[in-house]
Structures are given as structure tokens and as C-alpha cells.
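Peer 1: Listed here are the chains, written in short residue letters.
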Amino acid sequence: MTQLLVKEKTKESAAYWGTGFDRDPPGGGGWGFEEALPSSRYSARIAVWFLLAAIAMLFMAFTSTYLSRRTVADWVPIAAPRILWANTTILLVSSGLLEWSRRALRRGSLWSAQRGFLGTTLLGCTFLAGQILAWRQLVRQGIGLQGSPHGAFFFLLTGAHGLHILGAILALAFVTFSAWKGRYSPGNMEPVDLSATFWHFLDGLWLYLFLLLF
Amino acid sequence: MSAHQTHTVVAHKESFLRRYIFSQDHKIIGIQYYLTSLFMAVVGGILAMLIRLQLGWPGSSGIRPDAYLAFVTMHGTIMIFFFLTTILTGGFGNFLIPLQIGARDMAFPFLNMLSYWLFPPAIIVLLASFFVSGGAPNSGWTAYPPLSALKEAAPGSGLGQTLWLISLAILIVAFLFGSLNYITTVLTLRTRGMSMMRLPLTIWALFITAILSLLAFPVLLAAAVMLLFDRIAGTSFFLPAGLVVGGKLIPSAGGSPLLWQHLFWFLGHPEVYVLILPPMGFVSDILSTFSRKPIFGYKVMVASISAIGFLSFIVWGHHMFVSGMNPWLGTAFMATTLVIAVPSAIKTFNWLATLYKARITISTPMLFALGFVSLFVTGGLTGIFLGSPTIDIQLHDTYFVVAHFHFVMASAALFGVFAGTYYWFPKMFGRMMSERLGRWHFWLTFLGIYATFFPMHYLGIAGMMRRIYSPLLYPHLQPLQPLNVFISVAAFVLGVSQLIFAFNFFWSLFRGEKAPVNPWRANTLEWTAPSPPPHGNWGETLPTVHRWPYDYSVPDAREDYIPQTVPVAVPGARREV
Chain A
1 MTQLLVKEKT KESAAYWGTG FDRDPPGGGG WGFEEALPSS RYSARIAVWF
51 LLAAIAMLFM AFTSTYLSRR TVADWVPIAA PRILWANTTI LLVSSGLLEW
101 SRRALRRGSL WSAQRGFLGT TLLGCTFLAG QILAWRQLVR QGIGLQGSPH
151 GAFFFLLTGA HGLHILGAIL ALAFVTFSAW KGRYSPGNME PVDLSATFWH
201 FLDGLWLYLF LLLF
Chain B
1 MSAHQTHTVV AHKESFLRRY IFSQDHKIIG IQYYLTSLFM AVVGGILAML
51 IRLQLGWPGS SGIRPDAYLA FVTMHGTIMI FFFLTTILTG GFGNFLIPLQ
101 IGARDMAFPF LNMLSYWLFP PAIIVLLASF FVSGGAPNSG WTAYPPLSAL
151 KEAAPGSGLG QTLWLISLAI LIVAFLFGSL NYITTVLTLR TRGMSMMRLP
201 LTIWALFITA ILSLLAFPVL LAAAVMLLFD RIAGTSFFLP AGLVVGGKLI
251 PSAGGSPLLW QHLFWFLGHP EVYVLILPPM GFVSDILSTF SRKPIFGYKV
301 MVASISAIGF LSFIVWGHHM FVSGMNPWLG TAFMATTLVI AVPSAIKTFN
351 WLATLYKARI TISTPMLFAL GFVSLFVTGG LTGIFLGSPT IDIQLHDTYF
401 VVAHFHFVMA SAALFGVFAG TYYWFPKMFG RMMSERLGRW HFWLTFLGIY
451 ATFFPMHYLG IAGMMRRIYS PLLYPHLQPL QPLNVFISVA AFVLGVSQLI
501 FAFNFFWSLF RGEKAPVNPW RANTLEWTAP SPPPHGNWGE TLPTVHRWPY
551 DYSVPDARED YIPQTVPVAV PGARREV
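Just so you know, the protein sequences line up as chains A and B, in that order. When you line the first sequence up against my numbering, it's residues 1 to 214, in that order. When you line the second sequence up against my numbering, it's residues 1 to 577, in that order.
Quick caveat, the hints were computed from the structure, so don't treat them as lab data. From a predicted model like this one, the values you see are computed outputs, not experimental measurements. Don't take every hint at face value.
Restraint-style ranges between C-beta atoms, simulated for each label pair [to be verified]: (1) A:D193 <-> B:I314: 31 to 37 Å; (2) B:N326 <-> A:I132: 55 to 61 Å; (3) A:S64 <-> B:V300: 30 to 36 Å.
C-beta atoms are modelled at their ideal positions from N, C-alpha and C, and glycine is treated no differently.
Generate the whole structure from the sequences, applying the supplied hints.
Peer 2: Shown next, in the form of C-alpha cells:
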């Protein structure tokens, strides 16, 4: 019976490649001996969470270096550039807006979601521009990579965070574009959810770095 | 069945470029990784021969000191990162994971292709360091600063070191893509009935390995970025105050070279398990197949792999006992290090128990699997010596350490590669390798490795330093020179006997006997697919799994093996585990 059903599917179909959504119901955990199929619908979600774990390890390595380097005698703390407070606010608002847009999409209000995603993307760009302004403020005060260890860490950590933000902005831009093309619906918005997970993670990561650095 | 296969093959028509070069098929990517890594093994092997040439005949080899250090550095870097890591996870991992879990491909085939195509650029950047001014880096595969951070420190610390760091950063991204794929594929694309506790141990090992490299490599990436900043932007993350190089005071201040060591070994120790866990998996499956017995203690094996994976993150300090760390901390690292010997020993005893009273078939894969166990035990025992700080203070950075890791990690992992190659070659290329040449290759390699590395223990105890350019520089090392000559000759024999493998590989590729679907009468799923498997691996339907992969010599069963796809209801078959 199963044989018959599967035979009707073409090679291009999701069932053939085993990556589609038609393998419901998902397997019950897949740890026991029951004849169940693990679910492939969570593939992308699992990959994103493991990616976040890898990024967390990257920043953990920076953190441990920072904490031990800070105890050395030549450490002269620098003041936080004031614009960072504005940048932080922008990033928090963007996360809120992204949540609001996701809810709008889940309600079926595509029009609001489209504007919301666009707004989030633009706020993300603004945050990045703000970070660059912060860099310029420091450079104008004569704080660069050389000579000021605290400054070096500031540039390193904001730079590494900024590169990830840049990647996330590209993801958000893709989501915005797709939303405008009308590709999402309340039941079909996985890229939105994944980008949101990534964005909120980077938002949290920034709060952590801000607290760590100053 | 065969009609379906033909259909599948014909239906999948793509250009040569899409099919063999920029392929998204896990088998092609696996073979690409495999062959590229073999090429790097040749490069790394030639460097090893040059190192032995210098150490055997220091006066007349014609190798300059900085070139010698460059060879040592590149030999280690290539063999660890560009050969063993890539061939085991990129090569075998890609080929085997979908085939053994019953999937048609990886979860993210495009990401998989990207992962492979980051590998050749990393190689080009790495090998380019040989040809820039100053040559390849001199600082060893561990790249300790300040040697690796200051351009003035050594000839190879110039552009060569920068290229080394960039190359490693590229490769880390490739590993990251690969690991994400392996983890996700194992978690989500297993076929019907393939529960986690029915996975072959090869898959368990590759799965835990992927988690290790995913969590450990970002730390090396962070360290590499900071070292690059120290080199290029004038920061001082790792550079202390008061460094004088060539009579010139270096302006840096406040950094700590020890920090690099911590970060490096936080990666470095999980990395050696990235090299040894996959061979442990291969060996478990091969020993079981050729013993015609279930693997002894499957669940304990899974637990041991996981325990080793976890513990590998908290033992890194044992590489740094002589760095002046707090003795209490050293004791803690000693404790974790000795604890990791427990799951390793459990695995070894389980392999021996699998062999106990078995009807063993001796074949080349089996010989290499048995050789693996031997090398792993020899290297593991010296690990217990080195894990103790008091003994390590004496033996640190001597040839004892070189002997230790060449047994437990390098040779054992190499034997895993060979065992895996002889075992899965029929599935990869559809032809059998020559058994006769395989046995010659095994015995020469096995004896060659013991003859090369075993005397190094003695050299180390006698005080010969690791990475020393010429043993004749110190009076207390001069009497050891005959032994160094012996080791060099053994190493050359070992090197030349790899030509047997190369010949066997390429000859069998074109002239080997055609392989049946299941030449070893094994149970795992890849042996139900045609040899070599077509695009999509199986015909129209994926196999369904009904049992664990170790039903060998089941009492009253018609055959002495029952593949995972055979339903439990078959008369006489026993309900599993």
C-alpha cells in the first residue's frame, strides 16, 4: 500500500527526497524502538539553533580573553560612546517590531507584516550605521586598535557582532522581499521564524556585549 | 528493483560540471573530499620524509633550519587539519551518513557543496605560504605567540604565518557548514524505523564528532582573528610587554601568550577526538562484521562516545602543565584526563569482547581495524604517563610526546582511514580492492609504524627535544644518532609502502573485480543500495529499518547475518537486543 502511494510521487517530490512536510505525523522522539519516522520539518530550525551555539562559542572565546586581559596593569578603561545608547534602543525596537510583524503575518495581515519587515530591516541598517559612528567617535578621541587594549576589544567585539548583524540584515531583506512577493501565509512562514530567531539572538548578544564592555 | 534504478539514473541527467565538479550529491562531495585529502596526505607525507632525512643525516641533508621548522609546521597542520579531519568527516562522513541512515542526501546539499568548495581555496592559501618571502610558518601547528605574532621573530613569521591563519579561518568555515549538515541530517532524515538507538556506531561517532567540531572550531576562529589583529593591526592580545627581538624592543604591552595556548588547546583537544572518534566508529562496525558477532555492549559504546565527547572539552590544560599554571589547576586537569581513559578503555575492552570466541575472517579492512586497536592501546598507555603533571614536566616537548600522539591519534586515525577505505571502496567505486596487495600494505605499514615511532619513546626519555633541528647540536643527544638513522630508514620504508596503497587504489578503480551489492555480508543500510549507489541512493522507496545493525550469527537464522531491513517476523530471527 505504502509502496503504491510512494510510487506515484515523482522524483522531484518532497517524499522522494525526504525533506518535505508530507511525512507527518513526526516520529515520537525517535529514541525508542517504535517504527517511527523522524521529522524532517525541523531541519532548518535545528541547523539554526546549532549555528547559534557555534556563534555563542565564538563570543565565549572572546569573552574569556577579555576577562583575563582586563586584569593586566596596562588596562585603561575607555568611556562608552554616547551613541551606543541610541543604537541599543534602535536594536530593541527592531526586535519588538519584528515580533509585531510576525504576529501580523500569523493573523493573516500581510500588509502590516510587509511594512513591519521593511521597518525592521531599515532599523537594522540604522543600528549598523550607528555602530560605525561610534567607531568614528572613538577614533576621533584617538582611541584605535593600537595602544588601547579596551579600545581594541571594543572594535573587535563590535566588529564581529556587526558582521553577524550584516548577515542577519541580508536574511531580513530576503524575508521582506519574499513577503512583498506574497510568498508567506500564516501556515507557511518558516524563513520568517528562523530569521527572527537569529535576529533576537543577535539583539541579546549585543546587550550582553554592551554590559560586558562597559 | 533494477528497473527502478535504471529509471533513477536515466532520469537524472545533468551536465558534467553540475554532476562531478559542483555536485550537490553527498557521495560525489564525499569522494571529492576524500581525493583532495589524499592529495594533501601525499604533501604531508613528503614533508615527513624530509623531516626524517634531516634528523637522520643532519650534516648532509641540505635543509636550512628555518626550512626544517617550516616542514615540521606544515606537516602537522596538513596532516591534522587538511588530511585526517577532512577525510574522516568530509570524506567518509559525507559518503556514509545518508547511506547508513537511509536518506537520499544531506539535509542541506547546497551548503554541503559550499563546504567542499571552501577546501581547495584553503589549500591554495596554505601552500602559497611556501612560496612567499620568508617561506612557510616556523611556529609549529600550535602557532604559539610571540613566535607566530611578530614578523621579526622568524623567517616564516612574515607573510607565511598570515597566510596560515587565513587558510585555517577558511577551513573552519568549511568545517562549520559540514558539521551543521551532519548534525541536522542525523537528527531529522533517518528513514522509517531508524531510531537513534538503531544507528550504526559509525554514525554515532560521526554525529558526536560533528558536535565537537561545531563547538570547538569557533574558539580557534576567535583566537586566529585576534592573532591576525596582533600581527596586522598592532593590538596586543597575546603579546606581553618588554619583548626584545633582534636587539629591538617591541612596543606591545600587557598581552598574554598563555591566552593563546588556552584558546588553542580548548580547540586542540576536542580536535584530536574529532580525529579518533570516527575511526572508533568504523572499527566497531568492521570488527563486528568480520567477527560475525554483534558488537559487545552497543549502548555502553554509545555512552562512551558521548562521554569522550563531553570530557574532551575539559582536559585541554594537560597540554600546558609546564606553562606555570597553578598546581591545583594542573591536578584538576590531570583528574579529567585520567577520567577520559575510562570510556576509552571501555571501548577497547568491548572490541576485545567482540573478538572473543568469534569466527574471525581475516581481510584487509579487518587487519587495519585490528591494527587500529593495537596502535590505540599503545598510544593510550603512554597518554597515562603524560597525563600526570609530575612525569609530564620531564617528558614535555620531547620525542616521547611525538611518539605518543603519532600512535594514539595520527597512526590510529590513519588506520581508521585505511580500514574504512578497504571496507567501503566497493560501495564508493563499485569495484573490489586487491586483497593480496592490501595485506602487503597492511603488514609493511603496521611494522613500519612500530619501527618508526616506538623507538621515539626512548629518544624522548633520553631528552631529545621535539622540533629540534639537529640532534648533533647537544653532546647528550649525539650517542642517540644511530637510533635516529634507524628511525629514518624505517620511516622511508613506511613511506614507500604507501605506494602499494596508491597503486592498489588506482588499479582497482579501473581494473578491480566488480563489487556485488553486499560483498562483506554486512547488515547496515548502505549495503542494500547498488554499488556504487545511484543519485538518490535507493530506487523509488527508501528502505525501512526493523532491527539494529548487529544481528550476526543469530541462532537458528538461515544466514549468519540479518540486514537491518529484514522484518523481525522472519521465522527464527530473534527480537533485537
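Peer 1: Can you list which hints this structure breaks, lowest number first?
Peer 2: Hint 2 alone not satisfied by this model.
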